[in-house]
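Each residue of the sequence shown is one higher than the one before, starting from 623 at the first, in the working numbering.
Just so you know, the hints here were simulated from the structure itself, not pulled from any lab data. Bear in mind that the values here come from a model prediction, so they are computed numbers and not experimental data. Glycine is no exception: its CB is placed at the ideal position from the N, C-alpha and C atoms. Hints may contain errors.
Said to hold, decoys possible - Here are the simulated distance ranges between beta carbons: (1) W735 x V679: 29 to 39 Å; (2) G791 x W766: 20 to 30 Å; (3) N790 x S760: 44 to 54 Å; (4) E690 x L786: 32 to 42 Å; (5) D678 x P699: 54 to 64 Å; (6) Y677 x A652: 15 to 25 Å; (7) R648 x R673: 16 to 26 Å; (8) H683 x Y706: 27 to 37 Å; (9) P701 x L647: 30 to 40 Å.
Said to hold, decoys possible - Here are the simulated lysine to aspartate or glutamate pairs, DMTMM-like style, with alpha carbons at most 25 Å apart: (10) K712 x D733; (11) K661 x E690; (12) K685 x E702.
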Amino acid sequence: MVRSMSSPILASVCLYQKEIIVFLLRTDHASLTWLLNFKNQEGEIAGWIQRLQEYDVEIRHRKGSAHENADALSRRPCPESCKYCLRIEKDFGVIDLIVRQVTRPSTSALDPWSDESIRKDQLAYPEIKPIIEFKELSDETPSWQDIALFHPTTKRYWALWDSLHLRNGVLY
C-alpha cells in the first residue's frame, strides 16, 4: 500500500512509481535507526537525515546474525591458497570431488520423455501407429482409400496431416 508522499517533487509521480519508491530496509546498521531518532539535528547529521527523508523508507534494525544469508552471498570467494579454508578442509575432511563419466547411460532408461520412449508409446496406440508409418513412407497425404478402414481417430489425424510432423521418429 502506498503511503502519502510529502515531497513536492514526488507529487507528480504516478501511482506505480510511488509503490516502487516506498520500501522497507532491514539492516544490521543500528546507527541508521539511531540517526532517525536523533533529537538535536544540526550540521552534517541534519543533512543526512534530510537526505534519508527524501525517500519513504521504513528502516528496521535486525541483528547481524539474522543476516547470514545476505552476508554469505555478499562475500567474495577466497583465493585458492587461503590458509583458513585449507585448514577447514583438512580438519573436516572436505575434498574436491572429481567426477568422471565412465559410461554413457541409456537415455530411455533414465528419461521417460526421451524420443525413444515417446515413439514406443505412440506406436503402441493402434490409432496413431498408421499415421506414423505413412509419415515415414512419404510426406504426401495418403489417399482416402488407404485410410478409410482405420479407426475414426486415425481419420481425424489424417485430416490434420499437414500440421503433423515426424521428428526423430516422434509424431508432433
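To see whether the hints hold, each was checked on the structure:
1. At about 48 Å, the beta-carbon gap between W735 and V679 misses the expected band of 29 to 39 Å.
2. A C-beta distance of roughly 26 Å is found between G791 and W766, which places it inside the suggested range of 20 to 30 Å.
3. In this structure the supplied range 44 to 54 Å is violated for N790 paired with S760, their Cβ-Cβ distance being about 18 Å.
4. Distance hint check: the CB atoms of E690 and L786 are about 55 Å apart, inconsistent with the given range 32 to 42 Å.
5. In this structure the hint that D678 and P699 lie 54 to 64 Å apart at CB is violated, the actual value being about 36 Å.
6. Range check, Y677 to A652: Cβ separation about 19 Å, and the 15 to 25 Å hint holds.
7. A C-beta distance of roughly 20 Å is found between R648 and R673, which places it inside the suggested range of 16 to 26 Å.
8. Hint check: H683 to Y706, Cβ distance near 30 Å, so the stated range 27 to 37 Å holds.
9. Between P701 and L647 the beta carbon distance is about 32 Å. The supplied range of 30 to 40 Å therefore holds.
10. Among the hinted pairs, K712 with D733 is inconsistent with the structure: their alpha-carbon atoms are about 39 Å apart, more than 25 Å.
11. Between the alpha carbons of K661 and E690 the distance comes to roughly 32 Å, so the proposed pair goes past 25 Å and is violated.
12. A threshold of 25 Å between alpha carbons decides the hint, and for K685 with E702 the separation of about 31 Å lies outside it, so the pair is violated.
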